[in-house]
Amino acid sequence: MKGLLSWWEGLCKGSAILRFVDYNLRGIGQVMFQDNPLSGLLFFIAIGWGSFVSGMPQVAIGGLVAVIVGTLTAQWLRVDAAGLAAGLYGYNAYLIGLTFGTFLGLSPMWWIYVALAGAVTVPVTLGIANVFKGWGVAALTAPFVLTAWLFLLATYAFSAIEGSGLPMAAEVVAIDPAAANPLALGDFFVGILKSITQVFLKASVVAALLLLAGLAVNSPAAAAFAVGGAVVAVATAHALGAESDLITGGLMGFSPVLTAVALGAVFYKPGVRVAVYALVATVFTVVVQGALNVVVAPFGIPTLTAPFVLASWFFLLPRQHFEQA
Amino acid sequence: MKGLLSWWEGLCKGSAILRFVDYNLRGIGQVMFQDNPLSGLLFFIAIGWGSFVSGMPQVAIGGLVAVIVGTLTAQWLRVDAAGLAAGLYGYNAYLIGLTFGTFLGLSPMWWIYVALAGAVTVPVTLGIANVFKGWGVAALTAPFVLTAWLFLLATYAFSAIEGSGLPMAAEVVAIDPAAANPLALGDFFVGILKSITQVFLKASVVAALLLLAGLAVNSPAAAAFAVGGAVVAVATAHALGAESDLITGGLMGFSPVLTAVALGAVFYKPGVRVAVYALVATVFTVVVQGALNVVVAPFGIPTLTAPFVLASWFFLLPRQHFEQA
Amino acid sequence: MKGLLSWWEGLCKGSAILRFVDYNLRGIGQVMFQDNPLSGLLFFIAIGWGSFVSGMPQVAIGGLVAVIVGTLTAQWLRVDAAGLAAGLYGYNAYLIGLTFGTFLGLSPMWWIYVALAGAVTVPVTLGIANVFKGWGVAALTAPFVLTAWLFLLATYAFSAIEGSGLPMAAEVVAIDPAAANPLALGDFFVGILKSITQVFLKASVVAALLLLAGLAVNSPAAAAFAVGGAVVAVATAHALGAESDLITGGLMGFSPVLTAVALGAVFYKPGVRVAVYALVATVFTVVVQGALNVVVAPFGIPTLTAPFVLASWFFLLPRQHFEQA
Chain A
0 MKGLLSWWEG LCKGSAILRF VDYNLRGIGQ VMFQDNPLSG LLFFIAIGWG SFVSGMPQVA
60 IGGLVAVIVG TLTAQWLRVD AAGLAAGLYG YNAYLIGLTF GTFLGLSPMW WIYVALAGAV
120 TVPVTLGIAN VFKGWGVAAL TAPFVLTAWL FLLATYAFSA IEGSGLPMAA EVVAIDPAAA
180 NPLALGDFFV GILKSITQVF LKASVVAALL LLAGLAVNSP AAAAFAVGGA VVAVATAHAL
240 GAESDLITGG LMGFSPVLTA VALGAVFYKP GVRVAVYALV ATVFTVVVQG ALNVVVAPFG
300 IPTLTAPFVL ASWFFLLPRQ HFEQA
Chain B
0 MKGLLSWWEG LCKGSAILRF VDYNLRGIGQ VMFQDNPLSG LLFFIAIGWG SFVSGMPQVA
60 IGGLVAVIVG TLTAQWLRVD AAGLAAGLYG YNAYLIGLTF GTFLGLSPMW WIYVALAGAV
120 TVPVTLGIAN VFKGWGVAAL TAPFVLTAWL FLLATYAFSA IEGSGLPMAA EVVAIDPAAA
180 NPLALGDFFV GILKSITQVF LKASVVAALL LLAGLAVNSP AAAAFAVGGA VVAVATAHAL
240 GAESDLITGG LMGFSPVLTA VALGAVFYKP GVRVAVYALV ATVFTVVVQG ALNVVVAPFG
300 IPTLTAPFVL ASWFFLLPRQ HFEQA
Chain C
0 MKGLLSWWEG LCKGSAILRF VDYNLRGIGQ VMFQDNPLSG LLFFIAIGWG SFVSGMPQVA
60 IGGLVAVIVG TLTAQWLRVD AAGLAAGLYG YNAYLIGLTF GTFLGLSPMW WIYVALAGAV
120 TVPVTLGIAN VFKGWGVAAL TAPFVLTAWL FLLATYAFSA IEGSGLPMAA EVVAIDPAAA
180 NPLALGDFFV GILKSITQVF LKASVVAALL LLAGLAVNSP AAAAFAVGGA VVAVATAHAL
240 GAESDLITGG LMGFSPVLTA VALGAVFYKP GVRVAVYALV ATVFTVVVQG ALNVVVAPFG
300 IPTLTAPFVL ASWFFLLPRQ HFEQA
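For the protein sequence lines, the chains are A, B and C, in the order given.
Start counting the first sequence at 0; every next residue gets the next number (numbering that gives the first Met the number 0).
Start counting the second sequence at 0; every next residue gets the next number (numbering that gives the first Met the number 0).
Start counting the third sequence at 0; every next residue gets the next number (numbering that gives the first Met the number 0).
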């Protein structure tokens, strides 16, 4: 694996075009914190697979367009070379494309919407980084969440963009306990795998395995925490009596998965104390997912990865109490 | 009083268990900014009284469980010794327990919810402290408000937790002027006393007198500003035509009481200028209480002390214009 | 023009009263970033005109009362002399008065509401400045927006203040495409001019010309970016299929106009790169206006200039990537 990476990095040195491809692949890899073009490629294939078999190629294509626009915008804005090369200006844009492909209907204006929002993630990323620099905490996917929420909310005000895939705005009501039926064991496993793919807005078991491969090639610990986080999330959500269909569809678990990976294998030096802390944070993220499902209901938008961002910020800000990775 | 405190502090030096009790009592005292175990004990008795006579012992018991979990979590996270000894890692957790006892139905999961949320207040406190350290302003009860809101909102998504005491989610409509009838003088006095106890989520006249005693033993100025703040809040709320039942129940006044104590007797050096400033801030907090009642209505949750936090931050952030206490 | 200004500044040196008038005129000028008493006077006349011809003199009078209260409060709080002299403690209060005149019914309590909120903008301004000082970005009209939102929301809870001009709280629903009919050319021009006056909450063509004159006497570039921003905003809003009546009334364009002026002619050193950046930010502000229209709908309040504040912060925070003006 290392030899393959060295060979690719050698090729990139000699070609501006390959370097640009490399930035974008690493940008896709950074959706799950992996600064590795092979991880990015596997993620890209996973999403492509999930996207085409579900008859929605615009998800994968939107992601590709947006990540390219994001990287070009970052170059035009003359961002720091190290961040650009690590893909830090690509992952938020990539998620924008996946999101608009998933929730918005295709139209000529859709392409402009994808490109504009992809570009906007870059100043938003720079702005949040400026705000957060004194606190030693990363922006995570906050630029994606904020930008996407604004563009999705605006679809209700604009008739040239069709929010055909968005949830209906709804009043806040308590869950019907019948919706939290106990599940078959098979559903439990499906929920775990789909919790991993929903990080990329897809519910596909094949894609889950490709995503785990993409994690494992760069960081076996990240892959382990992804699976562990998904198990904890699905078990916690069932214990709390969340809606079974949401859990099995991966929709209660994708943010906890990101929290588990971020705290357990990326930002802190792994160890027993950190694992316990990551466990509590992962359980807490399930609660935050439930809470934000309620908060966004009247506005007709999805939570995206906001529960991950919020819960992880709370657990990353006291960073002086743990050794950093 | 001073002799009693010295005797207790002497005892604590010799016993880890008594020191732990001391941390927790000071944590309860910090709900109204008093770093004094006797204040904490009187507050604890006041809440216990209000809780048992109203047939809801789970309020006092929840508070006790949560403050202990909060203190233990702080020790596990190796927080600063001075903050721990001053009870700064206990008051947010204590309020969590009172809140869940008040708004949520008892069940096995309730205990886990109390303990988990109590523990989560500690990283949230550390995180907010990290963010605020450059601005010279305290986190106040923000860790409690944010954590409690998330756990309360999530009850709508989870069938294993019953939000039986939560307000119904409601559309925003203007108040019926008939609800703002002029009141009898007796109601006015009841409103003042209950504005003080609602700081601890209880409406009880006996508890109010115990709370004032708890303030007075450590800071007569704090007790005076609590009463003065309550008078100003009740008078302002009536003048603005707020709902009489809310005012008499103390629900328009508890945040203004905290603002009055915080600005008038805790964070700034007392004086005429500071008193005028605290008066304006207290009146403003009544407006913020009205505003946030409207904001939370569609989400079916109470404001908790968010009006105090928001208004006091606005009036504490320009701290360089006043001498600090 | 320069001679006139020098003569006035000479007069002000000799008279505390004229200096006070000067602070307030500059405060009005700062609504569109102009530290110039003549700009402020022209803005004041424009608003007075729009206010009286529409039969709502309370708009202009409320603005006058509030800006005076704001300046007096700033003096009482001993703010920095340079900021006071530049009108930086006046513009938020002035906008409060215009807003309350526009949305709230007259009553004795209305005057207290205007004065209290005008005073509150000053600590809020100081507080936000304290928070933002490390990031090198201005508070813009955020103190106005936050203070006004709180006071407007509270009118639903208070029967002594009548929110007669506020929008009804409404569920979030998608726009009816029929509301986005193509427009006559005349409507297009009206929309451009009213986008400029709606910065001051007025829809008046005469006022627009006076406002542009007020900009031009201090900064021809600001006037040019205001017109250019309005053209871009109206064209973008139509292309996205926003509601025609909103666009023609100037309600989709006033925040983008402020963004265009702030980015193109105030905070960055003008140039081609900055102009492109300001263009993207202006288009983005139209999307944010659409989004925030949806967000505020359930709460029955207007967006005010929040879309400008939010979008401009995102595009001003990465300031190290452009030369500052």
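Just so you know, the hints here were simulated from the structure itself, not pulled from any lab data.
The beta-carbon is built from N, C-alpha and C at its ideal position, and this holds for glycine as well.
Hints may contain errors.
[As the list claims (entries may be wrong)] Listed below are several chain A residues computed to face chain B (Cβ distance under 8 Å; list not exhaustive):
hint : residue
1    : L63
2    : W148
3    : G240
4    : L278
[What the hints assert, rightly or not] Chain B is faced by these chain C residues, among others (derived, beta-carbon under 10 Å):
hint : residue
5    : G126
6    : A159
7    : V172
8    : A173
Hint validity - L63 (chain A) Cβ closer than 8 Å to any chain B Cβ: violated, 34 Å
Chain B contact restraint on L278 (chain A) - CB to CB distance below 8 Å: Given a least distance of 11 Å, the restraint on L278 (chain A) is violated.
Restraint check, 10 Å cut-off on beta carbons, for A173 (chain C) near chain B: violated, 19 Å
Interface restraint verdict for G126 (chain C) against chain B (beta-carbon cut-off 10 Å): Where the cut-off is 10 Å and the nearest Cβ of chain B is about 3 Å from G126 (chain C), the hint holds.
Evaluation of the interface hint that places A159 (chain C) against chain B, nearest CB under 10 Å: Nearest chain B Cβ about 4 Å off; hint holds.
Cut-off 8 Å, beta-carbon criterion: hint that G240 (chain A) touches chain B: Status holds, d = 3 Å.
Hint check: 10 Å Cβ-Cβ cutoff, V172 (chain C) to chain B: Status violated, d = 14 Å.
Interface hint compliance - W148 (chain A) to chain B, C-beta minimum distance less than 8 Å: With a minimum Cβ separation of about 17 Å from chain B (threshold 8 Å), the hint on W148 (chain A) is violated.
In the structure shown, a violation is registered for the earlier hints numbered 1, 2, 4, 7 and 8, in ascending order.
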